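Can you make the complete structure from the sequences, with help from the hints?
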Amino acid sequence: MSDSAKLELELKQLIIDTLELEDITPDDIVADEPLFVDGLGLDSIDALELGLALQKQYGITLDAEAEDTRAHFASLNALRELVEARRER
Amino acid sequence: MRLTDWRAWQASASRTAHDSRVDITPSPRAEQVPAMQRRRLSPVGQACCKLLFALDPDADLPIIHASRHGDTGKILALLDAATQSDEALSPARFSLSVHNAVLGMYSITGKSHQPLEALAACGNEFEALMSEALGYLSERGDVIVLFSDIAAPEAFLLHGDYPACASAVALRLSRSSDDDSAWTLSATPGESLTDSAPTPLEVIAWLEQAGAETLPCRRHHWQLSRAHAASPTPPAD
Numbered sequence: 001m002s003d004s005a006k007l008e009l010e011l012k013q014l015i016i017d018t019l020e021l022e023d024i025t026p027d028d029i030v031a032d033e034p035l036f037v038d039g040l041g042l043d044s045i046d047a048l049e050l051g052l053a054l055q056k057q058y059g060i061t062l063d064a065e066a067e068d069t070r071a072h073f074a075s076l077n078a079l080r081e082l083v084e085a086r087r088e089r
Numbered sequence: 090m091r092l093t094d095w096r097a098w099q100a101s102a103s104r105t106a107h108d109s110r111v112d113i114t115p116s117p118r119a120e121q122v123p124a125m126q127r128r129r130l131s132p133v134g135q136a137c138c139k140l141l142f143a144l145d146p147d148a149d150l151p152i153i154h155a156s157r158h159g160d161t162g163k164i165l166a167l168l169d170a171a172t173q174s175d176e177a178l179s180p181a182r183f184s185l186s187v188h189n190a191v192l193g194m195y196s197i198t199g200k201s202h203q204p205l206e207a208l209a210a211c212g213n214e215f216e217a218l219m220s221e222a223l224g225y226l227s228e229r230g231d232v233i234v235l236f237s238d239i240a241a242p243e244a245f246l247l248h249g250d251y252p253a254c255a256s257a258v259a260l261r262l263s264r265s266s267d268d269d270s271a272w273t274l275s276a277t278p279g280e281s282l283t284d285s286a287p288t289p290l291e292v293i294a295w296l297e298q299a300g301a302e303t304l305p306c307r308r309h310h311w312q313l314s315r316a317h318a319a320s321p322t323p324p325a326d
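Chains as they are written, first to last, in our numbering: chain P, 1 to 89; chain H, 90 to 326.
These are computed hints drawn from the structure, not numbers from a lab.
The structure displayed is predicted, hence computed values, not measured ones.
Every residue, glycine too, gets a C-beta built ideally from N, C-alpha and C.
Treat the hints with care, since some could be wrong.
[Claimed, not checked] Far from chain H, some chain P residues (derived; all Cβ distances over 12 Å):
hint, residue
1, L7
2, P26
3, A31
4, D32
5, Q55
6, D68
7, T69
8, R70
9, L82
10, E84
[Stated by the list, open to error] Listed next, with one range per pair, are the computed distances between beta-carbon atoms:
hint, chain 1, residue 1, chain 2, residue 2, range
11, P, P34, H, G193, 44 to 52 Å
12, P, R86, H, R307, 18 to 26 Å
13, P, R87, H, D147, 44 to 52 Å
14, H, G193, P, A64, 36 to 44 Å
15, P, D32, H, A294, 53 to 61 Å
16, P, D28, H, R104, 34 to 42 Å
17, P, P26, H, T172, 27 to 35 Å
18, H, E297, P, K56, 46 to 54 Å
[What the hints assert, rightly or not] Which residues of chain H face chain P? A partial, calculated answer using Cβ under 8 Å:
hint, residue
19, A124
20, M125
21, R128
22, P132
23, S179
24, P180
Written as structure tokens, this is what we have:
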């Protein structure tokens, strides 16, 4: 498994555990589909919760007001690219 | 005031024989609530939603909810996180730790446009619910009262008046009823009143005895009697 695929699986598990998604497995999360609203159906509280998890796990601090924060949360692929580029641990 | 229906839940592993209106599933699942909302509800929160949907499937009655301790587990976890310098507070836990969270979840799911009220009653929840219900019944035909509590979290095992197990009970109260099976619920300013007030478990036991005993509270004894045998009188005060 490539590093990128490993990180993808790790992020899926992080989302499932952090957001207590009952009945959802990593396979249910499609990497290029929207995480919020239309796709997986996450909401604004999930976005905040996920922001905290990224900070704790990878040391990434996001600015809630910044325009690009929205883009980072668009899909699992976007999230993985963010972690690859900015992780501190 | 009449008691026209009720439902209850208690997380009791030891109970076997029970009234069909009492659910004893250890982990209740409120199927009516979509999974993405349901995941944030604790077992007692799920049980509360289940009871409400059973009594009022169309969500068109006002509801009053009281809980002595609310979701202490969530609040303790938040306080614990607040004492750690590198730990941030969970927004999801916070959103569900507030007093009216369960009714909020219920109303979103059931698309309720009715009055929904969460009471903080400092340990006298049952009487506060009854008093509030009487107010609603002066203007409306029916109201639901919901009383729930959790078992003591580990940090509070030696403190507080938690019930032995998590439990919830919902009563549909009506101003009048033609149904012979409806009970009249009345209160008498009783002697030998207790300092303590009933937990949901004691209310469930009282309901199951169906009129055999009174429910002693801080201000009144509450009595169930057959509707045709007594007139529906509100408490004296």
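Consistency of the hints with the structure:
1. L7: At about 22 Å from chain H, P:L7 clears the 12 Å cut-off, so the statement holds.
2. P26: holds, 16 Å
3. A31: holds, 20 Å
4. D32: Fine: 20 Å to the nearest Cβ keeps P:D32 off the interface.
5. Q55: Its Cβ does come within 12 Å of chain H, the nearest being 7 Å, so this is violated.
6. D68: holds, 21 Å
7. T69: Fine: 15 Å to the nearest Cβ keeps P:T69 off the interface.
8. R70: Its Cβ never comes within 12 Å of chain H, the nearest being 17 Å, so this holds.
9. L82: Non-interface label on P:L82 holds, nearest chain H Cβ at 18 Å vs cutoff 12 Å.
10. E84: holds, 23 Å
11. P:P34 / H:G193: 44 to 52 Å: violated, 26 Å
12. P:R86 / H:R307: 18 to 26 Å: violated, 58 Å
13. P:R87 / H:D147: 44 to 52 Å: holds, 50 Å
14. H:G193 / P:A64: 36 to 44 Å: Since the Cβ atoms of H:G193 and P:A64 sit about 23 Å apart, the hinted range of 36 to 44 Å is violated.
15. P:D32 / H:A294: 53 to 61 Å: Distance hint for P:D32, H:A294 holds at roughly 56 Å.
16. P:D28 / H:R104: 34 to 42 Å: For H:R104 against P:D28, whose Cβ atoms are near 37 Å apart, the range 34 to 42 Å holds.
17. P:P26 / H:T172: 27 to 35 Å: holds, 33 Å
18. H:E297 / P:K56: 46 to 54 Å: Holds: the Cβ-Cβ distance is about 47 Å, inside 46 to 54 Å.
19. A124: holds, 6 Å
20. M125: holds, 5 Å
21. R128: Holds. Min distance 5 Å.
22. P132: violated, 13 Å
23. S179: Since the shortest Cβ distance to chain P is 6 Å, the answer is holds.
24. P180: This hint holds: H:P180 lies near chain P, its Cβ roughly 4 Å from the closest one there, short of 8 Å.
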